[in-house]
Amino acid sequence: MLEFDGLHKSYGDHHVLEGVGFTVAPGSMFGFCGANGAGKTTTMRIAMGLARPDAGEVRWRGRPLDEEGRRRIGYMPEERGLYPKMRVGEQLTYFARLHGLDAAAAARAAEEWAGRLGLGERRRSRVEELSLGNQQRVQLAAALVSRPEVLILDEPFSGLDPVGVDALAEALLEQCRGGVPVVFSSHQLDLVERLCDSVGILARGRMVASGTVEELRRREAGRLLRVVAPDAAPGWAGAVPGVRVVSERAGDTLLELTDGADDQAVLAAALRTGRVTHFAWREATLVELFREVVADPAQRPAREEVAA
Amino acid sequence: MTGLARSRSAPSGSPGSGALIRLVAAREVSTRLRDKTFLISSAVMLLIILGVLVFQVVLGSGSDERRIGVTGGSAALGPALEAQGDVLGLDVTVVDLADDDAARTAVETEDVDAAVLDGTGPDPELVVRESDSTLEALVSGAVSSLALGRVLAEAGVAPGDLPQVTVTALDQTSAADQQRTVVAIVGVVLLYSLIILFGQFVAQGVVEEKSSRVVELLLATVRPWQLLAGKIFGLGALGLAQIALIAVIGVGGALAFDVVDVPGDLIGTVGWVLFWYLLGYALFASLFAVAASLVSRQEDLASVVTPASLVLFVGFFIAIQAATNPSGTLAVVTSFVPGLSPMVMPVRQAAGEVAAWEVGLAVVLMLVATALVVRLGGRVYSGALLRTSGRTKIREALRAGRA
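Chains as they are written, first to last, in full-length UniProt numbering: chain F, 1 to 308; chain E, 1 to 403.
In case anyone wonders, no lab produced these hints; they're calculated from the structure. Small disclaimer: the values here were computed from a predicted structure and weren't measured. Watch out, some of these pointers could steer you wrong.
As the list claims (entries may be wrong) - Here are the in silico distance ranges between beta carbons for each label pair:
# : chain 1 : residue 1 : chain 2 : residue 2 : range
1 : F       : 79        : E       : 193       : 34 to 40 Å
2 : E       : 193       : F       : 85        : 48 to 54 Å
3 : F       : 215       : E       : 237       : 54 to 60 Å
To be verified - Computed list of chain E residues with no C-beta within reach of chain F, every gap over 10 Å:
#  : residue
4  : 86
5  : 95
6  : 125
7  : 150
8  : 209
9  : 217
10 : 219
11 : 279
12 : 310
13 : 311
14 : 314
15 : 320
Claimed, not checked - Here chain E is said to cover these stretches of chain F; the calculated rule only asks that three of the stretch's residues, wherever they fall, bring their Cβ under 8 Å from a Cβ of chain E:
#  : stretch
16 : 78 to 86
17 : 97 to 105
In this text, a Cβ means the ideal position worked out from N, Cα and C, and glycines have one as well.
Bound conformation, chain E alone:
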């Protein structure tokens, strides 16, 4: 009896909001970390990123290296082939071969990609395993430039006297821009999928608590907004960890395998994608949670979260479109619209078309929208949470939340 009395005084300190929110958040995280669906989907996403990287590396290494065999000495033809390779962006290695038979064997055994027979003679021949237009152009260019040089020399004309084309690039940074845009698109695809995924988690969690009626027990100790905040923070942290992990692996891999040329730009773009993920998640997770609080069964969930998902999808669609036309009216306007901006703005930023004030304005608009959703939505959420029969109308929930 005394033991009972003593132990009853245990909960002396009442947990504050922070502690309660942390408890709720920790439960969300630990539940998800043990959820097979979540683990598998995360693994798949990582595998896709790794796959894209490996694909890039293989593609890159496969395309820009060629071994070309040459018979009868490579003194003259070798440098010409390498020079042509430079022009075409190929890394050419010249291999000396003894005679025609040796050349054919080398091609067949894949020791070389192609062999040039009698390259400097009157009847040159290119042996390849299968037709390769790049190689053909390279070799014929090299052979004809050698021949041309010889003919010119015989005619007493110096090659330098021929007109040379001077190249003037108007857009000096186009290659870097393109690379950043590609990164931004990959980032937006990730951002879109993760917001959808974690928004769904939030929504499902809300409905689960309603349908299992556990919410009644929870609300006896936790306020609705604390429950909502804990849920959104917990899953948000998990989502951020996931997108950050993907970013680190993606950026690290890209740098290690030399897929990109300008690391600074890449990291900047990835940083912005992470930043916009946070803003987008905050808004959409709140929207999804509020929508989900209106229904009591998982079956009804789709119907209430569709409007928010649709906005998200439209933003995604415009963002992909904006990648090709980042300064178009549609892209510019939507990059300020809260809900669309998290996907459109990072693409515009990657294309380098945005002034700092524009980004600032979009961020502020987004924050204002999120604050509104949290404020109004929080009221709907607390009003609807205890109505576990059927579907609650927003207006009823608002009234109940205010009362």
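One chain only, chain F, in its complex shape:
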């Protein structure tokens, strides 16, 4: 288990993290979402020992991460970083060796990863000569080349073309299947939804939601019902017990039902107004969930309670 436990961090008066915690099981992929400035990067940097938490710790296999443990993590920083004048192959070999591989194993691993990420022909190029997308691949190769036990990737997909995204996704899934816990942050929520077993949403320094995408749906928007009854007069559903009208426009109504509310009673009420062309529970996308939980608490006090 990779455990992030009660992380607090402030820079001066600015509280970046206020008790961030989540767990990633071996072989599962954790998508880390949150608005810009929510604290995702800080959380990852704390795991890598690049920032010191004011409180809390990150554990791997039950032990707090120390230098020794971090050497087994493949890391991709948000601000990409490679030696611009060093050749791709040498660079990968160097990082593999810093992680503890011997010279021969490091050279083999560098060659292997350059090949697998489509950089085989550019092994002898200097990094500065590569396109941004290819530099990104080198960066990823640098994270994978040491055969890490854990992967922590900050925005690994940003700046990649669709082919690059697929190659990276495939590489990550393969690592996952090999038993590696993968944590990555991303703003591409469709990607997170597609790849991740579980998702954590960070807002204002706290985890406002975490769990599988399914769980989040159930918890956050599982009781949203969309009813289209073209002839219905405004306010038709207001009288049904346990129902709150979220939005209503020209007969297209979005209803929120409390746990005990009877959806069949809603249907009956709708039929009484005339034709019903649409009646269904709505599957929220991760984007909607995200908007929901990240929304400013001043505007949605009730939501904040549910989320926290």
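Chain F is fixed; fit chain E onto it per the hints.
What follows is chain E alone, placed relative to chain F:
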């Protein structure tokens, strides 16, 4: 899948500090060895040293050998010319020539440097291609001493009865001293240029890692002090190899071409220059690295390394000045000041004005200063390294480094 699982267990042994420092150092060395600027600057430096040597050899051989033609037999004039040559430090070869015409031709064809016509007669003449005051003095000295001897003999006076000047040298070793001082100055020039050069390399390397953000990836596996140590050791070894190569070629060449007379002194002075290079480099490379860690862009580098470069330059300046006055107050005082001592002390040592305890004290002060810089600077360095926005204040870096 099993292959993946098996290969994952590869990094079993975690590299220790020594291994990490060696890795970082090896990268610095191999990067520099492929850097054209570095290779060219090294080659230029070697060429300059070789050029100076060749120049010395040519200058030496050109000045102390003269062929002088003599007409009408050299039995009397030959020994007199050679004796005068000895006095003037010239190696004179006397050549017999048939007559005046042959003498003129020999001078024109550069077979001889000069020809003396009718040297023992009443009307002697010196033929040269162009005026050469040394030769003129030599020949007229020889001719007049011959004439004087003849006149004295005719008057019945033995030449030995004339008063002779006895020379007493108060400073017996002045020639050797001068030679050592010259070597020390050449050494200090080298030491200064190499410390500046390699200090700059260290500084540029630090900024490169910050500006390319690769430092974040590095610090996930390497501690700041290991990174710093690897950088300084790697480039230091390269710098030492370079100055040692120059020293070997310089000393070897000087001995082979007979430019210096006292090999023991020369080698001793060169040894001290190498020793002080090491101490100076350790201090200044650390200072440069710490200064460089405060900025994130190469453009800002000059502003932060200037104070350290200035100290280095002042030391260099005083050292050159100390060569002419090695026992002056300025030279003596600054030869103990850490940062200045690596350049001033070798000059004083070459001049032979220093007691062993003085050298010892200067070395100890230098080591203490370096330890302080490494300790405090290491903290600044680790505090500033991850601040990749703009310029970091030393105090902030110190605080971050301690936290």
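To see whether the hints hold, each was checked on the structure:
| no. | hint | in the structure |
| --- | --- | --- |
| 1 | 79/F to 193/E: 34 to 40 Å | 36 Å, holds |
| 2 | 193/E to 85/F: 48 to 54 Å | 24 Å, violated |
| 3 | 215/F to 237/E: 54 to 60 Å | 58 Å, holds |
| 4 | 86 | 62 Å, holds |
| 5 | 95 | 64 Å, holds |
| 6 | 125 | 72 Å, holds |
| 7 | 150 | 81 Å, holds |
| 8 | 209 | 8 Å, violated |
| 9 | 217 | 5 Å, violated |
| 10 | 219 | 6 Å, violated |
| 11 | 279 | 30 Å, holds |
| 12 | 310 | 30 Å, holds |
| 13 | 311 | 30 Å, holds |
| 14 | 314 | 34 Å, holds |
| 15 | 320 | 37 Å, holds |
| 16 | 78 to 86 | holds (count 8) |
| 17 | 97 to 105 | holds (count 6) |
Checked against the numbered hints listed earlier, the structure breaks hints 2, 8, 9 and 10; every other hint is satisfied.
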